[in-house]
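Student: As a plain string of letters, each chain reads:
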Amino acid sequence: MSAACRRLDAALASSDADAIAPERPHAGSCARCRERLRAFDEISAAAPGLKKSWESPDHWAKIRESLAREAFASAAASDRTDPTAPTWPAWLPLAAIAMLFLVSFVGLQVFRPSLGDRQIFGVRTLTKDPLLTDVALMDVERSEADYIRSIENLSKLAQPKLRAADTPLLVSYREKLQLLDGAISELNGQIEQNHYNTHLRRQLLGVYAEKQQTLRDVMKGATS
Amino acid sequence: MEICLGEPEAPMPPRGTENELLEGYRAGDLDAFERLYEMHAPRMKSIAWNLLGNAGDAEDAVQEAFLKIYRGAKTFRAGAAFSTWTYRILVNTCYDALRRRKSRPVASSLDADLAAGRGTPAAPPGADHPLRLALEKAVARLHPRHRAVFLLFAVEGLTHGEIGRILGIPEGTSKTFLFEAKKKLQRWLKPQVSGERVAAS
Numbered sequence: 001m002s003a004a005c006r007r008l009d010a011a012l013a014s015s016d017a018d019a020i021a022p023e024r025p026h027a028g029s030c031a032r033c034r035e036r037l038r039a040f041d042e043i044s045a046a047a048p049g050l051k052k053s054w055e056s057p058d059h060w061a062k063i064r065e066s067l068a069r070e071a072f073a074s075a076a077a078s079d080r081t082d083p084t085a086p087t088w089p090a091w092l093p094l095a096a097i098a099m100l101f102l103v104s105f106v107g108l109q110v111f112r113p114s115l116g117d118r119q120i121f122g123v124r125t126l127t128k129d130p131l132l133t134d135v136a137l138m139d140v141e142r143s144e145a146d147y148i149r150s151i152e153n154l155s156k157l158a159q160p161k162l163r164a165a166d167t168p169l170l171v172s173y174r175e176k177l178q179l180l181d182g183a184i185s186e187l188n189g190q191i192e193q194n195h196y197n198t199h200l201r202r203q204l205l206g207v208y209a210e211k212q213q214t215l216r217d218v219m220k221g222a223t224s
Numbered sequence: 001m002e003i004c005l006g007e008p009e010a011p012m013p014p015r016g017t018e019n020e021l022l023e024g025y026r027a028g029d030l031d032a033f034e035r036l037y038e039m040h041a042p043r044m045k046s047i048a049w050n051l052l053g054n055a056g057d058a059e060d061a062v063q064e065a066f067l068k069i070y071r072g073a074k075t076f077r078a079g080a081a082f083s084t085w086t087y088r089i090l091v092n093t094c095y096d097a098l099r100r101r102k103s104r105p106v107a108s109s110l111d112a113d114l115a116a117g118r119g120t121p122a123a124p125p126g127a128d129h130p131l132r133l134a135l136e137k138a139v140a141r142l143h144p145r146h147r148a149v150f151l152l153f154a155v156e157g158l159t160h161g162e163i164g165r166i167l168g169i170p171e172g173t174s175k176t177f178l179f180e181a182k183k184k185l186q187r188w189l190k191p192q193v194s195g196e197r198v199a200a201s
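Sequences listed follow chains A and B, in order. First residue of the first sequence? That's 1 in our numbering, and the numbers climb one at a time after it. First residue of the second sequence? That's 1 in our numbering, and the numbers climb one at a time after it.
Check before you lean on any hint, since a few could be wrong.
Chain A is faced by these chain B residues, among others (derived, beta-carbon under 7 Å) [to be verified]:
{"hint": "1", "residue": "Leu135"}
{"hint": "2", "residue": "Val155"}
{"hint": "3", "residue": "Phe179"}
Straight-line Cα separation of at most 25 Å, SDA-like style, residue types lysine to any residue; simulated pairs [to be verified]:
{"hint": "4", "chain 1": "B", "residue 1": "Lys184", "chain 2": "A", "residue 2": "Ala19"}
{"hint": "5", "chain 1": "B", "residue 1": "Lys175", "chain 2": "A", "residue 2": "Ala10"}
{"hint": "6", "chain 1": "B", "residue 1": "Lys190", "chain 2": "A", "residue 2": "Ala10"}
{"hint": "7", "chain 1": "B", "residue 1": "Lys183", "chain 2": "A", "residue 2": "Ala10"}
{"hint": "8", "chain 1": "B", "residue 1": "Lys184", "chain 2": "A", "residue 2": "Ala4"}
{"hint": "9", "chain 1": "B", "residue 1": "Lys175", "chain 2": "A", "residue 2": "Ala17"}
{"hint": "10", "chain 1": "B", "residue 1": "Lys183", "chain 2": "A", "residue 2": "Pro22"}
{"hint": "11", "chain 1": "B", "residue 1": "Lys183", "chain 2": "A", "residue 2": "Asp9"}
{"hint": "12", "chain 1": "B", "residue 1": "Lys184", "chain 2": "A", "residue 2": "Ala45"}
{"hint": "13", "chain 1": "B", "residue 1": "Lys184", "chain 2": "A", "residue 2": "Arg7"}
{"hint": "14", "chain 1": "B", "residue 1": "Lys183", "chain 2": "A", "residue 2": "Arg24"}
{"hint": "15", "chain 1": "A", "residue 1": "Lys156", "chain 2": "A", "residue 2": "Arg216"}
{"hint": "16", "chain 1": "B", "residue 1": "Lys137", "chain 2": "A", "residue 2": "Trp54"}
{"hint": "17", "chain 1": "B", "residue 1": "Lys68", "chain 2": "B", "residue 2": "Asp96"}
{"hint": "18", "chain 1": "B", "residue 1": "Lys175", "chain 2": "A", "residue 2": "Arg7"}
{"hint": "19", "chain 1": "B", "residue 1": "Lys190", "chain 2": "A", "residue 2": "Arg6"}
{"hint": "20", "chain 1": "B", "residue 1": "Lys184", "chain 2": "A", "residue 2": "Ala17"}
{"hint": "21", "chain 1": "B", "residue 1": "Lys183", "chain 2": "A", "residue 2": "Arg7"}
{"hint": "22", "chain 1": "B", "residue 1": "Lys68", "chain 2": "A", "residue 2": "Trp60"}
{"hint": "23", "chain 1": "B", "residue 1": "Lys175", "chain 2": "A", "residue 2": "Arg36"}
{"hint": "24", "chain 1": "B", "residue 1": "Lys190", "chain 2": "A", "residue 2": "Glu35"}
{"hint": "25", "chain 1": "B", "residue 1": "Lys183", "chain 2": "A", "residue 2": "Ser14"}
{"hint": "26", "chain 1": "B", "residue 1": "Lys175", "chain 2": "A", "residue 2": "Arg32"}
{"hint": "27", "chain 1": "A", "residue 1": "Lys62", "chain 2": "B", "residue 2": "Ile89"}
{"hint": "28", "chain 1": "B", "residue 1": "Lys68", "chain 2": "B", "residue 2": "Gly168"}
{"hint": "29", "chain 1": "A", "residue 1": "Lys62", "chain 2": "B", "residue 2": "Leu22"}
{"hint": "30", "chain 1": "B", "residue 1": "Lys190", "chain 2": "A", "residue 2": "Ala31"}
{"hint": "31", "chain 1": "B", "residue 1": "Lys74", "chain 2": "A", "residue 2": "His59"}
{"hint": "32", "chain 1": "B", "residue 1": "Lys175", "chain 2": "A", "residue 2": "Met1"}
{"hint": "33", "chain 1": "B", "residue 1": "Lys183", "chain 2": "A", "residue 2": "Met1"}
{"hint": "34", "chain 1": "B", "residue 1": "Lys175", "chain 2": "A", "residue 2": "Ser14"}
{"hint": "35", "chain 1": "B", "residue 1": "Lys68", "chain 2": "A", "residue 2": "Leu67"}
{"hint": "36", "chain 1": "B", "residue 1": "Lys175", "chain 2": "A", "residue 2": "Ala3"}
{"hint": "37", "chain 1": "B", "residue 1": "Lys190", "chain 2": "A", "residue 2": "Ser29"}
{"hint": "38", "chain 1": "B", "residue 1": "Lys183", "chain 2": "A", "residue 2": "Arg34"}
{"hint": "39", "chain 1": "A", "residue 1": "Lys62", "chain 2": "B", "residue 2": "Ala32"}
Honestly, the hints are just simulated from the structure, not real lab data. The C-beta atom is built at its ideal place from N, Cα and C for all residues, glycine as well.
My request is simple: use the sequences and hints to build the entire structure.
Tutor: Next up, the structure:
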């Protein structure tokens, strides 16, 4: 192995193009170095082909969701681990239930048609941290679902009375509720196709509010 | 053939832009953090794919890395290279994933991607090189540290200085690892390289 071979080996080891270039002519006259240079060049040419590229459109959404969950969990954990915090009083579960109703009410107010978009965006700017805003919005959506579930429960309670409707007033309530159920199912179908249509969501909550009032009237009639 | 390992194809983003976005994020602007994601995620996914071998694990690793970045970004020392710090977190996350993987059986990369409903990644420039598949398999056989250096230098085009900061090793060690990696790759790929020459002639 000559000095030129050693210089080429050193240049290849450094992977420095400027160091390799002056040693290339030697490879023309040396079979061993020609082979080494060729292998080096082949790998150099193929290496960029290892770069991967693919679309993952929901990747950022997943990261954002994880960040929101983590922000929420860490806020909850810091509340739990605060040594100066008082111990939980016995009335806390009741207060939590009351809070749930309050949040449901707020959720309903936010999505009522008369208030318009202005107030919805007002809620969005309540917090500086966009993740916490996301968490608040998730809370509202959850409260919305709880609210709907509570109306459905009320509806189940009213069913025996409606099935045995024996006065014209109860019969008309029953027909009104059937119409409202039809409207709810139609709106749900439309929302399925467009989850982000807040107008439809507001309409749905409006119909649910009407249903709740009607059921209240039915139940009031049942107890009076 | 004049192509040489280490020629940067996609240089790291300007530090000024990164720092501005970082400042924006610290001020509570999540869009700035999303912009940082957009700047770095494609390269990070590529690095993670080559370290972990499939798109699903790569996306999970990038996601985990971004959670760590989010936690640490508020205390990140301004003036240091954000991209270097980011890639360092990613590579360590991939190493953790590889350690966890040792304790459970792993499906092949293609199986895993097909099972997850993903296709194979889009072909990059040079992907049709006849040696690519053999090189990919050979790179997967390298020691993780050697593999990381080879990928960051030869595939991603980073300098030894940047690689040293990402992997927490001296620049000279990065050069040594690259030399070791290339020696092994040349030895393992010798039949393919010779075959190509015969086919070409």
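Student: With reference to the structure, classify each hint as holding or not holding.
Tutor: Right, here's what the structure says about each hint:
no.	hint	in the structure
1	Leu135	holds (5 Å)
2	Val155	holds (5 Å)
3	Phe179	holds (5 Å)
4	B:Lys184 <-> A:Ala19	holds (21 Å)
5	B:Lys175 <-> A:Ala10	holds (12 Å)
6	B:Lys190 <-> A:Ala10	holds (20 Å)
7	B:Lys183 <-> A:Ala10	holds (13 Å)
8	B:Lys184 <-> A:Ala4	holds (23 Å)
9	B:Lys175 <-> A:Ala17	holds (14 Å)
10	B:Lys183 <-> A:Pro22	holds (21 Å)
11	B:Lys183 <-> A:Asp9	holds (11 Å)
12	B:Lys184 <-> A:Ala45	holds (17 Å)
13	B:Lys184 <-> A:Arg7	holds (20 Å)
14	B:Lys183 <-> A:Arg24	holds (19 Å)
15	A:Lys156 <-> A:Arg216	holds (12 Å)
16	B:Lys137 <-> A:Trp54	holds (20 Å)
17	B:Lys68 <-> B:Asp96	holds (13 Å)
18	B:Lys175 <-> A:Arg7	holds (17 Å)
19	B:Lys190 <-> A:Arg6	holds (20 Å)
20	B:Lys184 <-> A:Ala17	holds (20 Å)
21	B:Lys183 <-> A:Arg7	holds (16 Å)
22	B:Lys68 <-> A:Trp60	holds (15 Å)
23	B:Lys175 <-> A:Arg36	holds (18 Å)
24	B:Lys190 <-> A:Glu35	holds (9 Å)
25	B:Lys183 <-> A:Ser14	holds (12 Å)
26	B:Lys175 <-> A:Arg32	holds (23 Å)
27	A:Lys62 <-> B:Ile89	holds (19 Å)
28	B:Lys68 <-> B:Gly168	holds (18 Å)
29	A:Lys62 <-> B:Leu22	holds (21 Å)
30	B:Lys190 <-> A:Ala31	holds (15 Å)
31	B:Lys74 <-> A:His59	holds (22 Å)
32	B:Lys175 <-> A:Met1	holds (24 Å)
33	B:Lys183 <-> A:Met1	holds (18 Å)
34	B:Lys175 <-> A:Ser14	holds (7 Å)
35	B:Lys68 <-> A:Leu67	holds (10 Å)
36	B:Lys175 <-> A:Ala3	holds (22 Å)
37	B:Lys190 <-> A:Ser29	holds (21 Å)
38	B:Lys183 <-> A:Arg34	holds (15 Å)
39	A:Lys62 <-> B:Ala32	holds (17 Å)
Hint compliance for this structure: every hint is met.
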